[in-house]
Structures are given as C-alpha cells and as structure tokens.
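*Asks:* So the chains spell out like this:
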Amino acid sequence: MSDVTAHPSAGWARWQRSWWYHAVLYARTWRGSVISTAVFPLLFLAAMGVGVGHLVSQHAGRVQGLSYLDFIAPGLLATTAMQIGEGESTWSVLGAVKWQRTYHAAISTPLEPEDVLLGKLSWVGTRALATGVIYTVIIGLFGALHSWWALSLPLVATLIALAFAAPLVAWTCTLENEGALITFYRFAIVPMFLFSATFYPVSAYPGYLRPLVQLAPLYHGVALARAGADGHGSLGALSAHVAVLGVMAVAGLLWGRHTLRRRLVN
Amino acid sequence: MLTRVLPRFGSRRSIHVFERNLLVYRRQWLMMVSGFFEPLFYLLSISIGLNKLIGTIHVGGHPMSYAAFVAPGMLATSMMNGAVIDTIFNVFFRLKIAHSYDAILATPLDVSDVALGEIWWALSRAALYAASFIVCMVLLGDVGSAWVVLCWPAALLTGLAFSGVGLAGCTYIRSWQDFEFATLVELPLFLFSATFFPISLYPRWLGAIVSLSPLYQSATLMRGLALGQLSLLMGLRALYLTAVGLAGLRLAARRFRRILVP
Amino acid sequence: MSVEDLVVEARGLVKRFGAFEAVHGIDVEVRRGESFGFLGPNGAGKTSTMRMISAVSTPSQGTLRILGLDPATHGPTIRARLGVVPQEDTLELELSVRVNLEIYGRYFDLPWSEVKERTRELLEFVQLSERANSKVDDLSGGMKRRLTIARALINRPELLILDEPTTGLDPQARHLLWDRLYRLKREGVTLIITTHYMDEAEQLCDRLVVMDQGSIVAQGAPSELIEQHSTREVVELRFAQDEHEPLRASLEGFASRVEVLPDRILLYVNDGDEVVGQLGRAGVNPASTLVRRSSLEDVFLRLTGRTLVE
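Residue numbers (my numbering), protein chains in the order written: chain U, 225 to 490; chain V, 1240 to 1501; chain B, -14 to 295.
Derived DEER-like restraints, expressed as beta-carbon distance ranges: (1) Pro156/B / His482/U: 38 to 48 angstroms; (2) Leu1378/V / Ala464/U: 36 to 46 angstroms; (3) Leu266/U / Phe1418/V: 14 to 24 angstroms; (4) Asp1417/V / Trp244/U: 18 to 28 angstroms; (5) Pro156/B / Phe1420/V: 45 to 55 angstroms; (6) Ala57/B / Trp244/U: 48 to 58 angstroms.
Below, in silico cross-link-like pairs of lysine to aspartate or glutamate (DMTMM-like), each with a Cα-Cα straight-line distance of 20 angstroms or less: (7) Lys120/B / Glu79/B; (8) Lys101/B / Glu1258/V; (9) Lys170/B / Glu187/B; (10) Lys322/U / Asp122/B; (11) Lys120/B / Glu1258/V.
Looking from chain V toward chain U, a few residues come up when the C-beta cut is under 8 angstroms (computed): (12) Leu1269; (13) Ser1273; (14) Phe1280; (15) Tyr1281; (16) Ser1284; (17) Ile1287; (18) Gly1288; (19) Ile1296; (20) Glu1419; (21) Pro1427; (22) Phe1435; (23) Phe1436; (24) Leu1440.
By construction, these hints were calculated from the structure, which means they are not laboratory data.
Where a beta carbon is used, it is the ideal one built from N, C-alpha and C, also for glycine.
Whenever a hint applies, use it, and build me the whole structure from the sequences.
*Replies:* Okay, structure coming up:
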C-alpha cells in the first residue's frame, strides 16, 4: 500500500524539488541577469540590425529576400538560447559536483542523481522559454516578425537550449578541472556563434565549407528560428532541424544519467 | 619609463609581481593562447561574410572595404577585453577572494608596486596579442599602409587606458554578481563605438557622445594608421587615451591603498 | 638596555578605522631574542596591532619603532627584515609548494640561485621536502600552515610575527609547529605570537600581554601572571543539581575566590587537596571533584571575562 502511494512521487513530484533548487539559486542573482536579458537584445538589434543593416541595404540590399534586421534577429534568439544552455550547464555544474558539492548534498536526500539531472535540465528549459518570450517580444517591437509562427519562437529557444545543455551537463560531469571548459568556450562556442550563418547566409562560404557549417548544431537552431519569424520553410528541412536538436537533447540526457550517477555515487 | 611619467608610483620591485603572474600563467598557457583567437575569429567571420554583404563604404570621404573598416575596431576591442579580464576579473580574485596581495604586502613591496606590477603584466600580454593581431590584419589584406606598425604602440596605449579604468573599477566590485555591471558597460562600448558602422550614421548629438568613448578614439586612431590616412587629430586621440589611463591609475592607486592598508 | 636590543618599541599606539578605535594607546617593548605573546579574545585588537608591527598598517597615533626604524618612512627596509605568518595562509593554491616559496623569495629581491637554495633548506626544515612538487590546494591544513611559516622564513628574518599560528590544527600538527618555533628561537630569531590558546602561550612565550577591547590589561611572564591574577591551584566541583548559585554562600569561606559557572563551580585556592578534605568534613558532597594547577586560562578568563565576545 505504502509502495503504491510512494510511487507517484518518483516522477515529477521528486525532480521538481531539484527544479526548485535551481530556480531559488537563480533568484538570488536574477536582477543583474534580467537586466542583461532585456538590454542585450535591444543593444544588439540596434547596432547590428539597424546600424550594420543600413550598410547592407546600401550594397547587397536584401539577404535571402529578407532585410538584414529580419535576417539576423532570429539568429540572435537562437545564439542566446545556445548561451543559456551552455552557461547553465558548464561552470555551475562543475561547481556543484566539485567545488561546492551541492549535488552531493542533494542526493543525500531522497533525490536520485536522475532527479537532479531532470531538475537541472527542466530549469534550463524554463529559463530558455522565459528568455525566448522576452526576445520574441523585443524582436516584434523591432518589426522583424512576419508570421503567427513566431509564437513558436520561445519553444524553439527551449529546444536549442536543451540540445546544448543536456550533452554539456553530461560532459562536464566527467571533468576534473575547468581548463577544458575555457578551451571549449573559445574553440567551440565562439566559432559556432560566428560561423553558423547567423550574420550572413551560408552561401557566403565556398561550397566545400558549407557541409561543415551545416554540421554545427547552432546552424539548425538559427534556421529553425528564422523560419519561425518569417513563416516560410519546407517541412522536410524543418523536421531535419528539429530532429538534429532533439536527438542531441535526448542523447545528452541518456549520457548524463550515466555520467552524473558515476560522478555522485562513486 | 612609466615610473618617470608617474612620479613616486611604484618601484623596480614591481617586476616581481610580473614574475609571479608569469609563474601562475605558465600553467595556464592554453588559456592565454586561446584568448588571442576570439578576436581573430571575429575578424575572419566578418571578412568571409559581412564583407560581401556590405562591400565598400566611405568613411570621412575615404573608400575602404568593410573588413578594413572593422579590423581596427576588433583590435581595439581585443585590447579592451584583455585589459578588463586582466584587471577587473583577475585582480578582483587576487584582491578580495585569494588575498594574494596581503601576502605580498608583508614583503618589501608596496601597494603601488603591486598596482604597477599588474599593469606591466597587462601591457605585456596586450603587446603579444596586439602584435599577432596586426600580423593577421596584414595577412587578410585589411591594411593599406606601412603606418600600420604604429598600430602596435597605439594598441598598447589602448590597453593602458582600459587597464587604468579597469583597475579602478575593480576596487568597487563587491562580489561576482557585480561583474554583470562590467558587461553592461563593455557591451554598449563594443557595439556603438563606431566599431561596426561609421559614426556618421548617428545623429550629430549622439555622435558627440560616442566620440567620448575611449574605444571609439582608439579604433579611429588605429584605422587611420592602418589605412595610412594620417591627421593631426590622431595626436589628440592618443592624448585622450593617455589621460583616461592616467586618471584611472591615480584613482586605482588611492583605492588600492584604502582597501589593502586601511 | 640599549636601543638595539629593542626589536619593537611602541608608545601610545592607537589604530582607528573611521569612528571605531581598535587599539587604544598601548605601550609595548619586545626585546631581541625573546618570544613575546599577544593574548586576547576575538576583537581585542591583536590583529590590528600585529599589522602595525608588520609595517603594513599605519598607526593613527603614537610612536612606533621596528628594528629601530620608523615604519612610516622605512616600510620596505623594515619588511625586508621581517617574516610574517598571517592568520589566513594566503598561499597560491594553484601553484606547487616549491614555486610558492620561490615566488615569495623573489619579492625580497633574492637572486634565483639563493631562492632555490633557501627553498630546499626550508622545505627540509618544515618537513615538506617530499611534497615540494604538490599543488598547495592538495595539502592538509597543517601542511599549509607549515608552508606559510617556511615562506615567512625565506629572507632569514630577525623578527618573525605569527598571527594565531596553530588555530584549526590537530594536536600532532600543533606540536610539530611548536617544535619548529623553539628551534628558531634557539637560533636567535625574535618571535611575536598572537594566540587564544593558553597552553600555547605558556609553552612558547617568555613574556606576554593580555589585550581586551583595544587595551593591555596585564603583562609579564606566564608564571608571574598566574601568580598575580590567580591562586596556585583550582578546585573544580560539579554537582547533581542544576542550580549552582544557592551553593555559592556555603563555599565562600573555603577559597580566596569562588566562581560559579553553568556546569561547575571553581574554587581558587593554594592547596587543593586540603580544601577538598575540609569540604568533606563540612558535609559538602559534590558529584565530582578535580584539583588542578592554575593555568594561564584562569588568568585570561579572569581578566577578559567569561561572556562570549564576538
């Protein structure tokens, strides 16, 4: 009997406690973070969308049929989602399993490592969703949304964040020190930000480089976000983008269950 | 040389603080090397893509490719970022978290030696980054004149200006959360200091505000040098950067003293 | 006594932080070759005093001579001849034990060859030779403390200043540290130590001052202080009942002083065994009785009070 009543709490009821933990942790520093969440897209769209956009309009005119502002605004949403996914799942996770050992404290309660992982990832998803809503509104204020499909942008942001967060949490759990994180940021995240056809179309690259660009997960996120803002896109291409990101998230989750348990229990 | 400009600010012993940093970073050389790649990636990305979308632009009547326009701004930005990381982040850590300076001050070294030593360090790293960046600019064809060699001292001056400001700013930071404010200052400087588009796109009054930005002055100075478009205004720009740096250093020395030897 | 024999000479030393006065005009003289202690509860002004004596903090008032020099004008010269062991280790955690010493030696302008030589000797001295290449972060608390002491010795200081050298260490580590400090003293190094461990002060200090709320409340050799401020022995009585205060009147006749604590009653007496006998004859029956020698701890608590000072 008691087993039956205990069982339901094995699901959401248990890992939501880990979600709350991460939410409370974030609440301590939310003020600075919210300011930058709102200010960053404003500044960026003003400088790149309007300023550089003016220069583009004088020479190339439209980019893939879009004004330059329309072209980069969804890319901004996608890269921000990537940064949330990356930022929430590297330093803070290493801190929690190595320096402050808060995850060790968490599993000395009824929580299992899987609960901690699901709580963490659901929190990343929540933050990406909320940021996605704010960004979508700001992009809309700049006049860069042209379809009701734009309502899906917060979900796109969530998917991108999870696609990055899940494998990164898993990988971070295997690290002994922060050196690899710095290298990863500078040699993977920054180049991905710059070269994933965020600021200009993939056609700018020579033909042999294009498949390489299309390997970047962010490329698929940017393409998905652009289709959402614009309302155009082929079903086949869009499903492929969703599939790439979805597979990353799920594979990362499965891998993370393994690495986090090994890190915490052994 | 610097010690003569700043009478009674630090002594020869400050070099030992530099030595200390060298020993600490010897273990983290990959981090030092990788820091150089970030601006290079920006430069490459712009040369490949935006250069095609924008083509040739006219700045102050001179035609130039977009990549040639942006490159000096990236160099200036790289100097700013490097100085901010070296002074604000690392010095904050040593000042308030690790208390490394408390140990140093028990030796014959003085507070001003510590501040000066950190600046030697920041400038040496800047010298290395700047030199390799300028070589890349030349290789990518973003340079139009041999005057570009003067970009090197100009970049160092930029480093000095931001190190001074950063060192002073660092003393006001209370916890890691306050770094958000550093980013809030850095980001608008980066985006709006006529780094990505010419100042002529702004309304006149806004342009006047932008021209107060040390990053704008530095980028414009180095653009003139890289493209060989010399003017007397450059002297003023260099002077402005020097003044910003010295003011920052003065404030930093006073604040350091108050924090370390109350 | 000639001036050269005074390593530290302070007159009316005052330290203020804004409106708060941490040290209220103290006079201190430390002689060459002695080991001198500063005792006091937390917040007594010990660390402020130590920082002034280390020539890193300027006195707000009064005169201070360290090694015969004025720290206001000769700070670097004085610090070149001092060794300082601060309360916090402030080691470079990311670097190896050896490099920590080498870096520090360079701050004193020692040539590299001498720094290397000295580092080897000191690691031997504090028994860390085998850990020379370990990262400091991986050392135990006692090892870090020993390394901090080795660091303070790199310049062969005439005066070694130690701020709570053994706080937080286990008994083995404390005794090892004490042993190293004895050896230094034998070699003629003057020691200044703050501590709130009374056994440590009794073991290590030739003379000491007790500070409380920024002032010196007593000074002398440990044995002199015990003689002046306490009796030869102390009888500790525990009773089955919780209320001790009513017992005070019945005990007052047996001792020169009676102190009632929450868990026990202390009788300050000259001959403990004799008093215990008298108590038995008078029909006082404690649950347990302990006779012990009076210690510096009794002096300290007498002078600075039993209330917890934070």
